[in-house]
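Listed below are the residues making up each chain.
2 protein chains.
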Amino acid sequence: MSGFGNLLTVDEALKRLLESIRDRKLDVEKVPLEDSVDRICAEDLRAPVDIPPFNRSAVDGYAVRYVDVLSALPSNPVELKIVGVSETGYDLETLPKVNPGEAVEIYTGAPIPFGADSVVMAEFCKRDGDRLWVSKPVAYMQNVSVKGEDFKTGELVVAKGVKLKPWHVGALASLGIVSVTVYCKPTVLVASTGLELKQLGSEGGSGKIYDSTRPMLKALLKSINCKVLDLGILPDEPTYIMEAISKHLESIDLAVITGGTSLGLKDATPEALDMLEGSKLVFHGVRMRPGKPTGAYVVKGKPIFMLSGFPVAAFIGFKAFVEPTVYALTDSKPDPQPTVKAYITRRLAKPTGIKAYVRVRVYRSQNRFYAEPLRLTGSGILSTLTRGNGILILEEEVEGVEEGEEIEVLLTQPFEEVA
Amino acid sequence: MSGFGNLLTVDEALKRLLESIRDRKLDVEKVPLEDSVDRICAEDLRAPVDIPPFNRSAVDGYAVRYVDVLSALPSNPVELKIVGVSETGYDLETLPKVNPGEAVEIYTGAPIPFGADSVVMAEFCKRDGDRLWVSKPVAYMQNVSVKGEDFKTGELVVAKGVKLKPWHVGALASLGIVSVTVYCKPTVLVASTGLELKQLGSEGGSGKIYDSTRPMLKALLKSINCKVLDLGILPDEPTYIMEAISKHLESIDLAVITGGTSLGLKDATPEALDMLEGSKLVFHGVRMRPGKPTGAYVVKGKPIFMLSGFPVAAFIGFKAFVEPTVYALTDSKPDPQPTVKAYITRRLAKPTGIKAYVRVRVYRSQNRFYAEPLRLTGSGILSTLTRGNGILILEEEVEGVEEGEEIEVLLTQPFEEVA
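The listed protein sequences derive, respectively, from chains A and B. The opening position of the first sequence corresponds to residue 1359 in the numbering used here, with each subsequent residue numbered one higher. The opening position of the second sequence corresponds to residue 1359 in the numbering used here, with each subsequent residue numbered one higher.
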């Protein structure tokens, strides 16, 4: 418990863990395209067809041969003969061909008839029956969406490992793709230990506190698309904890145990994990604050995390280790994180060699962002996450931050506007 | 269709819409705490108890009276008598009182016994049976988590309008709160119009394209916690469209119709909405690119959006109007958006008076961010969203961006690292 001397840095610990599970990937499954949002694509998806599937008009107007209207001017319009109409949804094969001196009335999205190579917008035309006067020239292929300009047959549209977003759904739908192979959602065993804990909703136990870390962790896991197997509060008995995990090991992808993991006395969790058949300690104790007693084992290729029972420390441990591991199991990257550059409102000192996660309140005043470090920052203090709306990460080598320094802050919630 | 002369700006159009639905809010419902993540809190939640509920130890060690150990030194430790132990989960009322010259062995999270006012960490103590030698003084209340320091009874923990996050779940769980009143998920009617469209999964129709905008919009709506009522592709018949919406108006909160909304010929959607009983046009046509033909009606207090049938224009219209409206119906704010400041890799010109949403590819090279505007940017070109990973918003008054200018870019997906 004394000092950070022999502990790993966050980067070293994470690297060691990811190396030990390098060859493990989650199973895959096929899902309907409309259910694929926020899932991780498990195949390289290529365009089976060209999009657009044919040359089509980008405007309402008249399909022409551009050479016919080269000399068109408002004072000297070019006269053409209208030989038909191309409406959206029409079949190209049934459209009249555009010969020299001819035009076809056309609507946005409609196929460009054979012979035509550009579209004059309606506002530059006058019409009388089948006679058309064009008062402005067009360039070759002007106002035409060219076959294959959006996607070409065989082109990579979504790469394996990409987290599917609504616009991917749109792109894949445009290609007629109805289902996607994605990585299965990982099943994560979650359990708390700690004699001080009582289950939310239970009565009595005046010396006990409600277990708040586990509900938070379950919500965090669900937010990155995990299924949760919740074992509740386990007794502080290494054998019991070991057996509880062992029983479910086959059916889970990873586990997160919270509490009983300090580097000091009375820690049932590491003892339990040491007893687990085939278990290998990857790290225990990290040069970070909060979250120092964070640890990880790997058992039969499955990561088992020990997070602090203190909610804030568990949150930071989750962000630093559990989340990157879940992404690694699908070769994917997390969504980009919202950040702002903010002026720090008071000096912060920290020991070097430790990565610090400082909870701050970010606000904007006269177009400048400010980050006010919260005064009370114990790792048990959940209000630093609900009162704050940002996290300032100070790397190992940093000694502190001066008042007025401008530093990047991770935003966890919307910032306030202050006059 | 010609020019942007009389159209509203994005801000004006949105303001006008939000004013017209100012008094409307969604219904509320009670949900279990664990199901409340990403829902909008519909009540001010106050702490029903103090957290911590009692003074408790923040470390493993010995609870003492700080005055007893003021003179403690490694060379001259203070001797105390151990009169008991306080373990996590113990009831304060059953603990021995700490009198002058006494100490109680204590564990992290355990209640501080009456009489004691601070905790000496175990590493600064030596013990032999019930005798204890303390080699370092402590300050008053040092290593004590004080009753109510996290949350005080009556304190506002989560305000109405806050989007609930995993740490709110943690905070509310710590307070013993088992359910939360949240705004109901809005039900959104979605329909496409457009003769060029065929339903995803259907065969034939060589002159038609798959409807990609509607699947994307449905995914976008679900991503902001809406329920979707999907009417599919409607025929381009104003009366039919009007009746389809009218039939469901009672049971929906808003509607999004895509396609048939250009400012030119053959637009069935505005005609349908004009016919709808009690409908009021709020705006049609916005000084934005893409998305110029975006429009909105309000019918019996319910917003009905007309978005372009072109997927990219519909996406921008969704972000600019539909999303802020959904948040307004719950008095809440969107999550913070991920942005980076990036150097623009080539000059961009734009007409003033129009808000432009430029799709860019953001990458990082030698710790600098660059944003490369995509060449092909038609509003139908979905690949600008799948190839790109960012959107550069250029306000009305901006004339363009010079190569090398540093500008804030919205990140829609992770950026790449380039050597």
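Bear in mind the hints are in silico, worked out from the structure with no lab data behind them. Check before you lean on any hint, since a few could be wrong.
Repeated chains share a single entry, so a pair holds when one copy, or any two copies, can fit it.
[Stated by the list, open to error] Subject to a maximum C-alpha distance of 30 Å in a straight line, what follows is the list of computed BS3-like cross-link-like pairs (lysine-lysine): (1) Lys1585 x Lys1691; (2) Lys1650 x Lys1708; (3) Lys1518 x Lys1677; (4) Lys1638 x Lys1439; (5) Lys1383 x Lys1494; (6) Lys1605 x Lys1505; (7) Lys1388 x Lys1556; (8) Lys1373 x Lys1708.
Status of each hint after checking the structure:
Both within a single protomer and between protomers do Lys1585 and Lys1691 lie at most 30 Å apart by alpha-carbon distance, with minima of 19 Å and 28 Å respectively. In this assembly of identical chains, the alpha carbons of Lys1650 and Lys1708 lie at most 30 Å apart only when taken from the same copy (14 Å versus 52 Å across copies). For the homomeric pair Lys1518 and Lys1677, the shortest alpha-carbon distances inside one copy (23 Å) and between copies (27 Å) are both at most 30 Å. For a Cα distance limit of 30 Å, the shortest separation of Lys1638 from Lys1439 qualifies neither inside one copy, at 82 Å, nor across copies, at 42 Å.
For a Cα distance limit of 30 Å, the shortest separation of Lys1383 from Lys1494 qualifies neither inside one copy, at 60 Å, nor across copies, at 51 Å. For a Cα distance limit of 30 Å, the shortest separation of Lys1605 from Lys1505 qualifies neither inside one copy, at 57 Å, nor across copies, at 39 Å. Taking the closest pair of Cα atoms, Lys1388 and Lys1556 come within 30 Å of each other only across two copies (23 Å); inside a single copy the shortest separation is 40 Å, beyond that limit. Only within a single protomer do Lys1373 and Lys1708 lie at most 30 Å apart by alpha-carbon distance; the minimum there is 24 Å, versus 46 Å between protomers.
When each numbered hint is compared with the structure, violations occur for hints 4, 5, 6.
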